[in-house]
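Read off the chains here:
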Amino acid sequence: MAQAIVVSDLTKSYGDVQAVRGVSFDVAEGEVFGLLGPNGAGKTTTVEILEGYRRRDGGVATVFGLDPGDTPRELRERVGVVLQQSELSPLLTVRETHRMFAGYYAGPRDVDEVIELVGLTEKRDARVKSLSGGQKRRLDLGVALVGNPELVFLDEPTTGFDPAARRAAWELIRSLRALGTTILLTTHYLDEAQQLADRVAVLRDGLIVRQGSPADLIGDTRTTEIRYVRNGEVVTVSTTEPTRVLNELTTEALAVGHELERLEVRRPTLEDVYLELVGEESQ
Amino acid sequence: MTSLAHQLRFEQKIFWRSREAAVFIFVFPLLLYVLLGSVYGDDIDGVPAVDILLAGLFGYGAANTAFGGLAITLVIRREAGVLKRLRATPLPPGVYLTAVLLSTLVTFALQSVALLVLGGLVFDASMPANRLGFAGAVVLGVVSFAGLGLAAASLIRSAEGVSAAVNVIILPMAFLSGAFGPTQDFPAVLQAIADVLPLTYFIDIVDGVYLDGDSFFADPTALAIVLAWGTAGALVALRRFGWMPRER
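Residue numbers (my numbering), protein chains in the order written: chain P, 1 to 283; chain L, 1 to 248.
I should point out that these hints are in silico values taken from the structure, not numbers from a laboratory.
Think of the CB as a built atom: it goes at the ideal place given N, C-alpha and C, for glycine as much as any other residue.
Just to be clear, a hint being listed does not mean it is correct.
Okay, the calculated bits of chain P under chain L, using three or more residues with CB under 8 angstroms as the criterion [as the list claims (entries may be wrong)]:
| no. | stretch |
| --- | --- |
| 1 | 65-78 |
| 2 | 102-114 |
One side only, chain L facing chain P, incomplete, derived with CB under 10 angstroms [to be verified]:
| no. | residue |
| --- | --- |
| 3 | Q7 |
| 4 | P48 |
| 5 | V82 |
| 6 | R87 |
| 7 | T89 |
Isolated chain P, as found in the complex:
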């Protein structure tokens, strides 16, 4: 499949600070790719280079084979963005805002359809300034989609959403994916990446420390956690041989007629893997 995004050995510094230190990844057309990492890891810098906002210092960054640093108009026709922080005119209504942005594109979507898609139909005649934080974020999403983009950059799109709104946004992103839209997503939320992304890259200090499908990343760590309570205290055993350890524990417990209270056998989640990857330095 053709590559929508190619990033190779990308570097970017702000003064003495090396924000991105040689990042490489590809995103295939139709793929949902997640960039994970703590604040300051270089996620937004990477995305803003791809959006054409910042110039790279070195390496390669192309979107649909074009250099976003030249900010070609063709690229902006094909790409939608949700920025981490941006505002829209507070005095226009939801519908007017969508109409204004639709006017910038050669082949926009139907405005009311997009408003429906992001769940703002009831608020379509409300002024932007009267929207809640989560509703404003949905407006950002709607405005990003109104140009009917082939590729969407979502920089922390669900920050500030309540759980129900987050699930609705996930559904929306899944339906975009089903329509063949390529999505580059940055997020703090591990469950979000696990739910949505075909592949993820974990960034730390401007470098990718791990890349692959969420299942691969979890599969990478072979440890299993066994937990139980003995004499009121939680005992945790991490092992790469859960069968043997469990057998020993249960045999021993049976021999003395003890119950392994609150016994749990747990596979690591993406969150465990992530914390392991980004937390190495602080530990």
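Assemble the complex: chain P is given as a structure, and chain L must be docked to it using the hints.
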């Protein structure tokens, strides 16, 4: 062309919905005209005071709308990330800025008409002796002060401070340039300052076309000075204007 008209429509919609902007930009010069027109005597040097003040407040209105209003709008939009978001769309930046300038022109043209109607109804003020020249002054005022407004928007960093910053420039400039009444009795040092300000020469041109029926081009020196200020502002903006918030 269609995208220019599209953006102009939304710019006007946003302007008139913003009560603060509509009052400060549109109503304030009219209000000052009524106040000053009520306190000045009948004549200033044999010319009706209400006519001199109308020309002066027209000049103040041009600076207030195209310099002040434009700078405030652009700085607030830049710092809020509105401009940054627009840069990600296919709308060319030149088309966007042209639409914002045209919107400023529409606003100031309406204000000029309102000033004339108000002057005629309330004070029996004169109508422009050279109408075409007066219309030319509307365009000249917007173009030149917009150049300076773009420069101010490039140099002022904070959205909170922009309104105060532009008024610290506009109000003394208007006072010294004679927008609020004649300045011939001012101390020499203040008159010397006034002699370099663009508004002084702009009001000279307005006096010419409005009161005397002079040609718009009657005073080439004044015209050149006003345009030079505007061009200098535009050059500063060309070098310094940015679309990204200055947060970093």
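Inset, instruction - Tell me, in ascending order, the numbers of any earlier hints that this structure violates. - result: 4
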